Amino acid sequence: MSAPELATRPTPFQRVRRPFQRIPAKYVPLLATLSLFLTMFTVGSVHYPNFGTGQVFLNLFVDNEFLLVVAVGMTFVILTGGIDLSVGSVVSLSTLVLAELVQHGWSPFLAFAVVLLIGSTLGFAMGCIIHYFEIQPFIVTLAGLFLARGLCYAITVNSYPITQSTYVSLAEQSINLPGGFYITAGTAVALVAVVIAIYVLHFTRLGRSVYAVGGNQQSALLMGLPVARTKIAVYTISGFCAALGGILLSFYMLSGSGSLAVGMELDAIAAVVIGGTLLSGGTGYVFGSVLGVLVLGVIQTLINFQGTLSSWWTRIVIGLLLFAFILLQRLVFRDPKK
Amino acid sequence: MRRLMWPLLGIVGLLVSDLFFNHASFNMSTEFFRVSMLHGHLFGNLIDILIYGSPIMLIALGMTMVIATGGIDLSVGAIVAISGATACLLISHLHNQNSGSGVLIAIAAALAVSLVLGLWNGILVAVFGIQPIVATLILMVAGRGIAELITSGAIITVNSSPFSLLGNGYWLTLPICVFIAVAMFALTAFASRRSALGMLIEAVGGNREASRLAGVRARNLVVLAYVFSGFCSGIAGLIIASGIHGADGNNAGLYSELDAILAVVIGGTALAGGRYFLGGTLVGALLIQTLATTIYSTGVPAETTLLFKAIVVMIVCLIQSPAFRAKVFHLRGRRRSFRESPPPEVPQEPHVGVPA
Chain A
4 MSAPELATRP TPFQRVRRPF QRIPAKYVPL LATLSLFLTM FTVGSVHYPN
54 FGTGQVFLNL FVDNEFLLVV AVGMTFVILT GGIDLSVGSV VSLSTLVLAE
104 LVQHGWSPFL AFAVVLLIGS TLGFAMGCII HYFEIQPFIV TLAGLFLARG
154 LCYAITVNSY PITQSTYVSL AEQSINLPGG FYITAGTAVA LVAVVIAIYV
204 LHFTRLGRSV YAVGGNQQSA LLMGLPVART KIAVYTISGF CAALGGILLS
254 FYMLSGSGSL AVGMELDAIA AVVIGGTLLS GGTGYVFGSV LGVLVLGVIQ
304 TLINFQGTLS SWWTRIVIGL LLFAFILLQR LVFRDPKK
Chain B
19 MRRLMWPLLG IVGLLVSDLF FNHASFNMST EFFRVSMLHG HLFGNLIDIL
69 IYGSPIMLIA LGMTMVIATG GIDLSVGAIV AISGATACLL ISHLHNQNSG
119 SGVLIAIAAA LAVSLVLGLW NGILVAVFGI QPIVATLILM VAGRGIAELI
169 TSGAIITVNS SPFSLLGNGY WLTLPICVFI AVAMFALTAF ASRRSALGML
219 IEAVGGNREA SRLAGVRARN LVVLAYVFSG FCSGIAGLII ASGIHGADGN
269 NAGLYSELDA ILAVVIGGTA LAGGRYFLGG TLVGALLIQT LATTIYSTGV
319 PAETTLLFKA IVVMIVCLIQ SPAFRAKVFH LRGRRRSFRE SPPPEVPQEP
369 HVGVPA
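Read top to bottom, the protein sequences are chains A and B. Anchor point for the first sequence: position 136 equals 139 in the working numbering, and the numbering is continuous, going up by one each time. Anchor point for the second sequence: position 82 equals 100 in the working numbering, and the numbering is continuous, going up by one each time.
FYI, nobody ran anything at the bench for these hints, they're computed from the structure. None of these values were measured; they are calculated from a predicted model. Any given hint could turn out to be false.
Residues from chain A shown here face chain B by an in silico Cβ test under 10 Å; the list is partial [said to hold, decoys possible]: (1) Ala151; (2) Ala157; (3) Val265; (4) Val276; (5) Gly322.
Glycine residues also receive a C-beta, built at the ideal position from the N, C-alpha and C atoms.
Can you make the complete structure from the sequences, with help from the hints?
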């Protein structure tokens, strides 16, 4: 890994020369994402008559509630300079365990607790291995990906529908907003998770430690910050968020299967990167990841409205956006020494 | 040889377990090992391991060179899909699918596309200076979309006997794809170990900046490694597409990047870059395929292979981790563990970049 790319505050000289005089460099990717989102939404609204409505905007959240939660957890991990490839499989494992437990007559709430516990434990275990045995996060979470997917198929290779009445009514619960708009209960949960994440990241010791460890782990250690606890905590949070994402996905699909959410880790990473978080850690915001998820959602919605473009264009466009934002980050956070 | 001992023991262990536990579905316990001769071709589980293992061997070969330069290539699975899709699309448009020249042109086009994709990865990493994981992630995300774009979202099936030779053909009683994989290994070993190339790549992987200052063209070597990886994945994609007589943009090569990385790591090449072991990679790829074939033949759902792979990855990585050995086995007494107590990256340095 190259020298840590810190969000260095521009020196007065640089500040004069830069085009973004008043905007600190760390906000540039965030603002780029925001303007991209607004542009795409406006273009959609101009082109398609029913696009520019509040409900279409809210549906961006409703249709991506699970991805939103997973991306929030991923943000924590990426901020420390790590990566979590296991989230997609943990989401899928969660839906399967939920379906299995609920169909066997468990109370949904007890099943939620079990699933969240499984997700957090997996994350905790991976965090411990990454920190104490100094193995690359990439390879450990890769093993986690295999493990969770393999566990799914060890339970069953089939897909389970969820038909229990309490569960279905929970999943179909919608919250009416003024103006005739609505969101689902799952969306509300996702939004609460976002708010909690923003609070934890910006107003607690854990949050500041996350940024410090991502900026420079050595310095964080020398400053006396609890590096071990922080690193393990972020993987636990990511595991918890993935399990929560699994619960929301099971609300959305009303079924559980080991073949759901294949590649969701890629979408989550893409959302986080498009949201302006540096993959080398230390710089980024949960709000950026929310914007990233919205951008992915708008692409999907635009392609749906357009009608003739096929679904694989989504992946190609996401790839292009990833490329553009990674290049933008290289330009904005250029290593001052080079 | 010592570093090959554990993976080789793994293969032997798996095969021995087949001998004892794998007779539930067969009459004789030695059935698993029976290699029979039919129409002048060898058949049997051991041959299957070689056939299905050859794409993994090829992908892992390219991955070894990339990892040796200190990088990683996540896009190999996508390149496998794109290469297979390109070849099948071109062949399906031929008037006569059995024409040798048409098939050759299709294969050449698919390999050219793979080279270009490898070049794209290499340029992102070496010229733009983007982290390898991130740079190749772009193609990993977009690649399956491109493959589906080529196949228009459908599975293109081809019925071409020359193309089918790649994945299903036999020569001297053995499958042709095995010869391709072994030939690529031999060529790579020859080119990199009989010239300075291998040493230069290890130098770049050990410390890119230092090797550049010492006069090594680090940038070109890194690009070369990614191009080579793209090429190997392209060949693997052709073998897979030929084996199933068609291209499946969604599933061809799915998780193959993980298998390849696993094979490289089992083979003893450190993910940090530097020294690489081609023989180790070969054994690693065979170990993975032996594991998979063993599981298929026990009648457990094939998808549970992932579970066993997870366990193998963790065991191999833990054994290779100096921190784990220091903490669990207390190897080499206090001095070693003292040196390793300052946090990561420090202990990685001493044993990289020293050519064999």
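Quiz item: Which of the listed hints are broken here?
Solution: none
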